[in-house]
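Assemble the complex: chain A is given as a structure, and chain B must be docked to it using the hints.
From first to last, the protein sequence lines stand for chains A and B.
The opening residue of the first sequence carries number 0 in numbering that gives the first Met the number 0; numbering runs sequentially from there.
The opening residue of the second sequence carries number 0 in numbering that gives the first Met the number 0; numbering runs sequentially from there.
Just so you know, the hints here were simulated from the structure itself, not pulled from any lab data.
This one's a predicted model, so the numbers in the text were calculated from it and none came from an experiment.
Incorrect hints may appear among the rest.
Derived CB-CB ranges, DEER-like [to be verified]:
1. D429(A) to F1(B): 48 to 54 angstroms
2. A433(A) to T251(B): 27 to 33 angstroms
3. E299(A) to D209(B): 39 to 45 angstroms
4. I2(B) to G242(A): 57 to 63 angstroms
5. V96(B) to I270(A): 18 to 24 angstroms
6. A203(B) to E378(A): 55 to 61 angstroms
7. T254(B) to I270(A): 35 to 41 angstroms
8. T251(B) to D82(A): 34 to 40 angstroms
9. L266(B) to L210(A): 45 to 51 angstroms
10. L12(B) to D310(A): 52 to 58 angstroms
Pulled from the structure, derived: some chain A residues nowhere near chain B, Cβ distances all over 12 angstroms [stated by the list, open to error]:
11. A61
12. E75
13. M190
14. T316
All C-beta atoms, glycine included, are put in the ideal place defined by N, C-alpha and C.
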Amino acid sequence: MKNSSKLMIAGLAAGALLLSACGGDDGNGDGTSSANGNGTSGANGEAPSGGGTLKFYTDKAAWEPQFDRVSDASEEQIGYDLDFTGYSEADAYSAFIKQSFRTAEKPSLFTWHTGDALAELVDEGMVAQTSDLWAEAMASGDIPEDLEQYYTYNGEQYCVPLHVVYWVIYYNKHVFAEHGLDVPETWDDLMEIADTLAGEGIPAFYQTNILFSFVWFQTLLAGSDPDLYEALSTGDASYTDPGVVAVMEQWRDMIDAGHFTAPDSADDPQILLNNGDVAMLNFGTFFTGALNELGMESGEDYDFFVVPNMDPSLPQTSLIVESGPLCAAEEADDRADAMEYMSWWVGAEAQTEWANARGDVSYNPNAEVRDERLADLGEQAGTDDVRLIERYFEATPQPILTAALDGFGAFVTNPGDPMPILEAIEAEADAYWASQQ
Amino acid sequence: MFIVAGLLYLPFLWTTYLSFTRYRGLGAPEWVGLDNYQALFSDPALLTSLRNTALWVAGTIIVPVGIGLLIAVLTYNMRFGGWFRLPFLIPYAISGVAVGVIWGFILQSGGALTQAMDFVGLPGAESRWLLDAPLNTFVMIGAAAWQASGVNALLFVIGLQSIPKEPLEAARVDGASGWRMFSSILWPMLRPLTTVVVGLSIVASLKTFDVVYIMTQGGPGRSSETLAITMYRETFVQSEYGMGGAVSVFLTVVTLTASIAYLRRQLSERKAL
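So that you can see chain A by itself, here it is in the shape it has in the complex (with noise of 0.2 angstroms):
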């Protein structure tokens, strides 16, 4: 008996050594290199090799095909192509990534968030500057200057932009054609034409309490009250403010209204605007292909607008817009072969290959988008008519987002008093903001 206590805790002593020495280092730069993959890519820190396999890590399993395309098009044009693994659990991706930094295994290209989340592998000193390569693409004009702020810390940048997405409010024409509803130019057309639809049975917007419960939330603040939007986000102001809880009334209002769809509804939403079962969907231009794909025709089937101030005193038009970041790990292997693929990646061949793929719009304005809409939307973004927004889920630090998130989730559900949720919020926004300081 004593022998095998004896045995078993030496087993579990040569077990923990056998996995520390596996664990590979903390992260601070220390671990072991070896060699690529396909061992055609540089190593850390030397030149780029020249073209090969980088392995490439995302949360957007969905997008495979377009990356695929993308791939082949990097492949012809650069010599690189990439290893494709996708996951569709942001959750369990963002925990493999962070846990493939321990390991001497790190990624070579990977998709991440802006916001918080980037500046947490920043301050680790995880993933790779991209300073230079910022500069060069800014004075050619593929990436607009708006974009920096997004990925500056500490004066630095870091990844490039993956994609950019606006977020507008698609309409099923059809439906619009049916009830003689046209595009609207002002908040108030846009609840007039809500009221209709709502006389009518039909809910004019779709909204959930999973996850995506900021939406209106994020729409309604941006559009009366843009500046109280951004002070939210720096800890600038409170959650209890009278501005915010104005927004949460309207928000209220137009639930009691009838402009909405239930918010446990477990169909797709585009399944929803494609049946006519819901009027418009508050949602990111990425939307486009899951239209396309259910064989909605841009134009035909479907179309957007960009929403309406809720003020309509406001000098510029508040328009959400998300940016991914494409990074490269501080101590990959082939970090230099990956940084040469990012400064592919932001150029004008690759985002018409990349905007055209995802039916999406292009960061780059040197890209060519072939439907006029998403095309006209990318100029309008960058004119002095407009005022970009970060959205919601990335302007706002994690354990804040993850209260709010619980809080509108359970407002949409039962919405009532504002105050308790807002108090709520408010309290996880104050320790947040006071461990930071």
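Frame of chain A; chain B shown alone:
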């Protein structure tokens, strides 16, 4: 044995260590002592999570174990009883995720259940099955019972078939049948198997995750969260691995305590018999 020890003990020890640290998955964990446990027990959401987990334990023992026992007792002696039990077993072949997706469509507002109740004219058709607490937990227990009842029935049938014929014949000769036969003969003789089925159900219900995660993600507003969902949320959504570790250690302690207490009680009662 070393591999088993390595794969089971080391992660548990690592998780326990993490529960005393602040760790966001990057860099090195920072020792914070009992801070995570203090924060956990002062969080009002933990109470909701505990209440829901307790409902799952009670519900899982009452509904799928009860239905499983009923099906077994009614069919074990029946001609073609196996064919009758088969439909109840089919859901067991489906993953918990698929169960969540199927029942999500059935229970959503205006979904199949509401439409069916409306069509038949049953009261309560307007109920918001997944939106109102604790109704959402009750209906999810129902969805889980739909999956688990069949296998419980199978286990009980095995137990019933292993009961010796002599005492049953003797009871019949003495005039026992129906409820009397069940309560005085079958139920006491099924006791060892019931202990196993209930014990497994307690453990399974304490770690309830998949059905809830798919159907409500613990919402709306954390109203249907269970301890396992709390653990996932802290670890993978919030990236607070230390806090997630504290929840998992707490869940482990609860599961072990409940299992040991139940088995001890059952075994001591058997000895007394």
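Results for each hint:
no.	hint	result
1	D429(A) to F1(B): 48 to 54 angstroms	holds, 49 angstroms
2	A433(A) to T251(B): 27 to 33 angstroms	holds, 32 angstroms
3	E299(A) to D209(B): 39 to 45 angstroms	holds, 41 angstroms
4	I2(B) to G242(A): 57 to 63 angstroms	holds, 60 angstroms
5	V96(B) to I270(A): 18 to 24 angstroms	holds, 20 angstroms
6	A203(B) to E378(A): 55 to 61 angstroms	holds, 57 angstroms
7	T254(B) to I270(A): 35 to 41 angstroms	holds, 40 angstroms
8	T251(B) to D82(A): 34 to 40 angstroms	holds, 38 angstroms
9	L266(B) to L210(A): 45 to 51 angstroms	holds, 46 angstroms
10	L12(B) to D310(A): 52 to 58 angstroms	holds, 57 angstroms
11	A61	holds, 17 angstroms
12	E75	holds, 37 angstroms
13	M190	holds, 23 angstroms
14	T316	holds, 32 angstroms
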